[in-house]
Amino acid sequence: MPKLFLGIEEASVSFGQGEARVRALRDVSLTFEKGTLSLLMGPSGSGKTTLLSMLGCLLSPDKGTVFVDGEAVNELSEAGRTLIRQKKISFVFQAFRLFHSLSALDNVALGFEIRDAAASGREEMARDLLLQFGLADKLNLEPNELSPGEKQRVAIARALAGNPPILLADEPTASLDAEAGKNICKILRRQVDDQGRTVVVVSHDPRWEKFADRTITLCDGRVEEQVGVL
Amino acid sequence: MYWTIKTGAGGAILTAAVLGFLIGLVVVSQTIYANTMENIEEYATLKALGASQAFVARIVLSQALICGMIGSVLGLLAVIPSINYAKSLIPWIHAPWWLPGAMVVPSLAMCSLASIVSVRSALTVEPGRVFRA
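In the order they appear, the protein sequences are chains A and B. Under the numbering used here, the first sequence has 326 at position 219, and the numbering climbs by one with no breaks. Under the numbering used here, the second sequence has 88 at position 87, and the numbering climbs by one with no breaks.
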């Protein structure tokens with residue numbers, strides 16, 4: 108049986124105890140093939156973000172297994188999971204989460220530094236990435252001087268620093284207007300088509316459906332529906 | 002040396018120095034801790050992006066040392082003229098030229114010590130909070 112590139116097997120997660128206990132995921136099994144864009148949809152509280160946290164090695168399931176690049180990661184130590192994130196996974200957030208005191212260029216250069224502190228030419232690589240995203244004239248601006256769409260492009264550039272094969276995005280277009288949101292959809296789609304990355308997007312935004320290879324709908328911690336290939 | 006060892010002046014000065022160190026430690030510690038907690042979400046982001054514990058600790062420690070260096074420079078700017086003025090009034094005061102500069106070392110040690118609580122807070126922040134609004 109081939110190893111899962113990215114996925115979970117029979118994973119369950121609960122939060123709280125006693126009567127306040129909430130089962131965020133219930134025996135969910137999902138696989139995400141290399142070089143695909145998967146969209147996770149569902150109502151609030153359906154387990155989308157919990158699933159993304161598990162795939163990103165930020166949360167371990169109470170039961171079941173999480174695979175990243177063929178390796179079962181939920182039994183790894185915190186340092187081991189950090190190393191997996193450092194080498195293989197990156198994130199794009201709804202609230203951008205840029206470092207507010209750093210310029211756009213320094214934000215992206217920091218992404219390179221986290222992934223490979225010994226790498227030389229971090230600033231040049233960061234500049235190249237920002238140029239690819241049409242931010243040539245914004246390199247030295249701090250996040251509060253950028254529009255939401257520009258902030259998200261900087262955040263994506265930071266996420267791509269170090270060339271991680273997996274990109275996990277949590278509501279990446281929720282804070283953006285229609286045009287900027289569409290641009291972000293195209294950028295992440297290009298990461299799949301041109302770079303062969305595996306992208307998982309959590310979103311309520313129906314525009315994502317036409318950019319995704321597969322749409323997975325979660326409800327009450329279970330997979331309700333899967334549409335698309337795989 | 003006579004005043005330092007044979008009279009109570011030495012003990013008083015030493016006590017003042019130790020108190021100054023301890024008060025400095027508390028003040029710097031509080032300042033760095035407040036700064037760390039203000040930016041705790043950024044530390045969570047760093048950890049989520051794969052920053053190692055050593056990387057995070059280095060950032061907090063660097064901030065403490067930068068604060069220490071700035072404080073030391075400001076201190077030296079105030080102390081050197083004060084020493085010169087005191088010497089002009091009391092010529093037998095012994096204050097070697099290197100002494101103010103040498104005080105930078107314990108000041109930086111104090112800042113490093115003061116950053117321990119902040120380093121611990123930054124290291125224990127849960128990276129999973131990056132997905133919370």
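What the hints contain is simulated information worked out from the structure, not anything from laboratory work. None of the values given here were measured: they were computed from a predicted structure. Hints may contain errors.
To be verified - Listed next, the stretches of chain B that the computed footprint assigns to chain A, with coverage defined by at least 3 CB atoms under 8 Å from CB atoms of chain A: (1) 21-31; (2) 39-48; (3) 120-133.
What the hints assert, rightly or not - Some chain B residues flagged as far from chain A (calculated, every beta-carbon gap over 10 Å): (4) Thr-5; (5) Gly-51; (6) Ser-83; (7) His-95; (8) Ala-110.
Even glycine gets a Cβ: it sits at the ideal position worked out from N, Cα and C.
Query raised in the report: In ascending order, which of the hints set out earlier in this document are inconsistent with the structure?
Result: 1, 5
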